[in-house]
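Quick mapping for you: the protein sequence lines, in order, are chains A, B, C, D, E and F.
With the numbering used here as the guide, the letters of the first sequence map in order to residues 1 to 421.
With the numbering used here as the guide, the letters of the second sequence map in order to residues 1001 to 1421.
With the numbering used here as the guide, the letters of the third sequence map in order to residues 2001 to 2421.
With the numbering used here as the guide, the letters of the fourth sequence map in order to residues 3001 to 3112.
With the numbering used here as the guide, the letters of the fifth sequence map in order to residues 4001 to 4112.
With the numbering used here as the guide, the letters of the sixth sequence map in order to residues 5001 to 5112.
Rather than coming from a laboratory, the hints here were simulated on the basis of the structure.
Certain hints may be false.
Claimed, not checked - Here's a subset of chain B near chain F, in silico, CB distances under 7 angstroms, partners left out: (1) Ser-1205; (2) Pro-1213; (3) Met-1324.
A quick note: this is a predicted structure, and the numbers were derived from the prediction, not measured.
C-beta atoms are modelled at their ideal positions from N, C-alpha and C, and glycine is treated no differently.
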Amino acid sequence: MENTLELRYALDTFYFLVMGAFVMWMAAGFAMLEAGLVRAKNTAEILTKNIALYAVACIMYLLVGYQLMYPADGVNGFWPGIGFLLGAENDPAAVLRTSGDEWYSGSYYSARSDFFFQVVFVATAMSIVSGAIAERMKLWPFLFFAVVLTGFIYPLQGYWKWGGGFLDAAGFMDFAGSGVVHLTGATAALAGVLLLGPRKDKYRSDGRVNPIPGANLPLATLGTFILWFGWFGFNGGSQLVVSNIADANAVASIFVNTNMAAAGGVAAALSVARLHFGKADLTMALNGAIGGLVSITAEPLIPVPYLATLIGAAGGVLVVYGIMWLDRLRIDDPVGAISAHGICGAWGLIAVVLSNPEAALVSQLIGLLSISAFVMAASLIVWALLRAAIGIRVSDEEEFTGVDVSECGIEAYPEFTSANR
Amino acid sequence: MENTLELRYALDTFYFLVMGAFVMWMAAGFAMLEAGLVRAKNTAEILTKNIALYAVACIMYLLVGYQLMYPADGVNGFWPGIGFLLGAENDPAAVLRTSGDEWYSGSYYSARSDFFFQVVFVATAMSIVSGAIAERMKLWPFLFFAVVLTGFIYPLQGYWKWGGGFLDAAGFMDFAGSGVVHLTGATAALAGVLLLGPRKDKYRSDGRVNPIPGANLPLATLGTFILWFGWFGFNGGSQLVVSNIADANAVASIFVNTNMAAAGGVAAALSVARLHFGKADLTMALNGAIGGLVSITAEPLIPVPYLATLIGAAGGVLVVYGIMWLDRLRIDDPVGAISAHGICGAWGLIAVVLSNPEAALVSQLIGLLSISAFVMAASLIVWALLRAAIGIRVSDEEEFTGVDVSECGIEAYPEFTSANR
Amino acid sequence: MENTLELRYALDTFYFLVMGAFVMWMAAGFAMLEAGLVRAKNTAEILTKNIALYAVACIMYLLVGYQLMYPADGVNGFWPGIGFLLGAENDPAAVLRTSGDEWYSGSYYSARSDFFFQVVFVATAMSIVSGAIAERMKLWPFLFFAVVLTGFIYPLQGYWKWGGGFLDAAGFMDFAGSGVVHLTGATAALAGVLLLGPRKDKYRSDGRVNPIPGANLPLATLGTFILWFGWFGFNGGSQLVVSNIADANAVASIFVNTNMAAAGGVAAALSVARLHFGKADLTMALNGAIGGLVSITAEPLIPVPYLATLIGAAGGVLVVYGIMWLDRLRIDDPVGAISAHGICGAWGLIAVVLSNPEAALVSQLIGLLSISAFVMAASLIVWALLRAAIGIRVSDEEEFTGVDVSECGIEAYPEFTSANR
Amino acid sequence: MKLITAIIKPFKLDDVRDALSTLDVRGMTVTEVKGFGRQKGHAEMYRGAEYVVDFLPKVKLEVAVNAAIIDQVIESLISAARTEKIGDGKIFVTDLEQVVRIRTGETDENAL
Amino acid sequence: MKLITAIIKPFKLDDVRDALSTLDVRGMTVTEVKGFGRQKGHAEMYRGAEYVVDFLPKVKLEVAVNAAIIDQVIESLISAARTEKIGDGKIFVTDLEQVVRIRTGETDENAL
Amino acid sequence: MKLITAIIKPFKLDDVRDALSTLDVRGMTVTEVKGFGRQKGHAEMYRGAEYVVDFLPKVKLEVAVNAAIIDQVIESLISAARTEKIGDGKIFVTDLEQVVRIRTGETDENAL
Ligand SMILES: Nc1ncnc2c1ncn2[C@@H]1O[C@H](COP(=O)(O)OP(=O)(O)O)[C@@H](O)[C@H]1O
Ligand SMILES: Nc1ncnc2c1ncn2[C@@H]1O[C@H](COP(=O)(O)OP(=O)(O)O)[C@@H](O)[C@H]1O
Ligand SMILES: Nc1ncnc2c1ncn2[C@@H]1O[C@H](COP(=O)(O)OP(=O)(O)O)[C@@H](O)[C@H]1O
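I would like the entire structure built from these sequences, with the hints used as guidance.
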């Protein structure tokens, strides 16, 4: 029996770590997707932002965020109380004293593995921001924002649901984070974009949109495939436990549904693009995959695979129209992050009611609104303070020359491009 | 005891899901390999084909293919009977009622995990096709062909062996799919290429070959490494079970042999290239890796690692000569897929007799011929119908300008290339 | 009980294989990192070197190295005695006869899985070399050196520590290979660079450094993310066993510490770059990540995560100054491998004493010096013999035109670059 | 007929093209070039080592025009391309002896 | 000596080179350029927004020839480059005062 | 004023620029071109098929100079660019009727 407990603990910990590594890999996915969809002259800088934000997220979440989001005892449903650092690792002897029934009341996998899985989620949320504000935001204010988002804003709203706060009590359902992660990231991004304004020349005075094609679509496609792969960890790991038949079945269902939602998203986005533009816009197919993935993330377990496909397909449709709609509002998002993570994140929260009998539309809307209102307000304040203090936007000339030279001092592709693009 | 069964089930399911995720990742590998080996002007389109075919494969296999390939009760050895959708997930209580002996008669890992592992195999087969027909085939007829291959052609021949049909009864051995997956994909590709013809200017009137260099070899190399990595899932997962000493040993042997065959393939292909061309042609080394991997796929378990290295090396030799031979026949395959997956797939089937005492050359040949004849005939019919109905080849002018602009309306590298290549 | 042993064996084997696959994936990381940091005209060749060295490492380690490094009975602490090939796989019946206490005295996971995990480590060591000698070393002598390093030099010093030789006896601590793998690779690289000399035009007669920017920074960033991801296998797998609570906790700690050290390395390197150059040099951030990872590799288990972050941060500082210092010494390393793997490898060995009470500074220094002295001497001899016999450096004209054309006969990006760079 | 060759700053290309369109200029040919002149390149850093980018990206515009309108074209070209910062570029005028339109075989003034 | 500068469609380059090789033309220099003229660029879509690619890819050919064979060269150039569709391009002829072959120092006719 | 157009080997560009800097040459414009001449391209192999790279990478240098110093410039250009191997390139001289500096509007000699 002892051995069985040890093995369960070991298997669940190992599962958690592998799933967490898959999610960590998504950092590369965001970096490649964003680097592929900006212009060559802004590529080194977006890469720098991506690797640096990941580092910042890890450090801040270690120091503050984790304790804030998962306090031993929250003060109340809204406020967890201030806490720092990690708790202790589980004591093997104590684990073994637990009887079968109590087992799952505590999280009987390694506490460190839980931190690892959680920290890569924070980084995901922050990665969403970097894409939307690309090609015009200064590097250092961005990293400062990353400090605040990953240390405070994300953990606080995360506490509301996953830390056992008021949204959890209100019956709000968000299995793997359509809201807690994706909507949060997209809202913070939107706040930044609103204060930042569009890239120069993106919107013409006659109201028409001036497309600014991404420099490297294979990179963007690679990034999307990485995200798709990493999402098996994102959703699959959110079951938290795999070591018995029911949970193993659950994880398998999540893998299948996650995959089908992405497939549905690609098919739908490509069809909509074909219909509207007459051509098969690859970048829309990529956004469709991500839209589908975000859409299923709030409830990847319960839907049958056919429904998962449809939920993803709806996400694929929404993401395309969302991109065009935001462009009409002159909200300039070079990579489509606000549409894919924000609009589809909201849709994902709502779609929970299609399959989960315990979900209620009203609870879902409460969650959706609480998260987006709080993150919007908090982010606007931080961005505005940064703007007032040190400025968040590069100069026109720097924007023309490209932020690679002005912020990083190097070019991403020094031999491939001519400077007059 | 109960707990042990639960754990076995959980471990095998988790193993299956991780191996399946590795295979899913191969979709990115094919996309990068193919995108690297075509010209810049056709890159966005091949990427679109790759992500879209993956989506189509998932949807079609969910709706029809899986049930067709693994029917509860096949009508006869050739025809499984028509079926749709997935079966039910295993009932935990029923699983626990199984006694140790019966355990492996049923597939006691999650049924959904089995679907997941199978669906990524179908996508692999279809990915092989996209490379061979690159740079000249229209997008939509290609996707239509993907519907038929992944929904019907692949599952039908898959039933013959893996679904327990007549090839299985005939003693045909194909552990992880040198024939069922790779030869199938290559044959469908060959059928397409035969009806499509070579790229313009590939073959000169004086009989000489006009090389058309790939635009981005780092991408092609990345794709090859991804495939190599993913192949651990492809072959390693095909053991199906890992939860006891014998199976764990088997999976470990498969990992080692898979890796050694790829290494042998690289070494051999590079040496042959050095010998014949005087230079170390990187693209041949890449094809050598894949040729080695395909060659070991029919029997990655039984050979000692030295033999596995040699089987892979033979594949590496074959793939190089195969590419040159197909070029002499004016069969134009921009990425070498027909040689790597077809010729090496056939070799892999035959090589089974080198190590597996239960394999017979004649059974292997029966399998080889049945699969290739059926897939060739079925594919020719579908391609021919598509050609008659809507045409499968782009116009000369579109081919000159590049299918990126004509099919996708965007360029893959808008800032890097000048248009007159 | 039987079942539990079987499950433990299976879980540990599976864990080992997955971790090994992660490490194999690092081969792609090195290939991309190096391909991104050389000029376009030398890219196909560095890719060829990378895939070929991996193949050579696998074959040589299979034939000689593994037996040399892990002999059944070493002759003495310095010399393992000559051996070839692999030992037998574990017999399931024998495994089951082991009682719980003896269990971990033998390595009760699949012997083949152990080989797999070990072989990918050798390849890592050799990958370090290719970067440092890039853009000027001939392909074939390099591959010949790979034969010697992976078959003999690496396994011999590996035996000293991990095979139970004199360094192990001396209390030298190197958990996952800051010394055995990284310092070894960097020292072999340094030996090569010393005999090879810098790239033409790298150092001006007036003593100033002529920067030679890498051609493709997204590729270099991708490579870094791949390495970061793979390092979870590199360090996490080095615990060797996961199947009980204590080991599972250990593996989880290793994952967290590995991640935090890399994050610390990025943050520190970027800050130092900002301070010294005024700009956020992306390539330094990338080197910082790797420097952090190398630094934690000698002891990723015991430090608390905050210390791990600091150890990594120190590595990130060291790597930047190391690169500038080596440049002042006119030691030309296009990718920063000697600094990241050598200097940080040495630091990692020393940093063990910060957290591991059983480590002694003197033992660490003995290990550091033994490894680096032996590898330096052996490598210098091999490089010198190769130089005398067939030459190791390409001609000036080949260097100007690029080794892609002279060694591989193809260009990496035929459509993107103009030839006069 | 005359050939006007102008070396200008890349980001002025659209302005210049628009300016010339208002005149009777029906076509032009554009080449990406690198310029070297009084305007000095900027210093960059790469991995701690400084270097100077000597050659600056410029755009070369070639416009064949009827000799009659040459002053007008130069004038509007200058006013569109000028930033009054160093490096604005040069205009060169050469004589064109013959012009042919390939499509029609028309020559000289008719071919412009 | 004269310098013939021809702006042609990129895919005609091989044909033109082959045509000139049959004459006494020993060399030429080719530049990738972008052209702007009567031929209008095509509209493209990117993520739902339309835009027009104004400048079309063209190839500029420079051939220094002996004045004696100039008509011949122009004629064969035209017939090789012509597609009779708009955008076929232009030929400009300018006078060359001096030609030097760098390798040998030979000048003028001998240097061609 | 004269326009000197030189087609040279790419790796000689730095030498030539340095040589001209010692004379009274204040600027130049550089274009990447492909050359076709007596120097034959090299054969390459790709996946077993041989092909010839016909067009060789060259650099085109355009320098507008005062007519007075033209011989001097040509001489120093030749000695900097010459490798005495085939393919060293050509120098063409054309007459410049007018030169304008865009920034100041200065013309002719003053604009160089
Ligand atoms: N003598 C010359 N011959 C050819 N091109 C020149 C010459 N002088 C300048 N140019 C071109 O004009 C550009 C601008 O010249 P520069 O001297 O930098 O500034 P300005 O035009 O303001 O005097 C240069 O970058 C170069 O391309
Ligand atoms: N006045 C001009 N000066 C310089 N180049 C020109 C001029 N007119 C046309 N060109 C070049 O010739 C190309 C073809 O001209 P265009 O007017 O489109 O068609 P066509 O040659 O059939 O009349 C243009 O793309 C441009 O490169
Ligand atoms: N008649 C010509 N017109 C224009 N450019 C030419 C001509 N002849 C040669 N060139 C240019 O000069 C370069 C060198 O010429 P080539 O005949 O190869 O060698 P060399 O200069 O030693 O005689 C060619 O690559 C081409 O760019």
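Hints that the structure is at odds with (numbers, increasing): Structure breaks hint 1 only.
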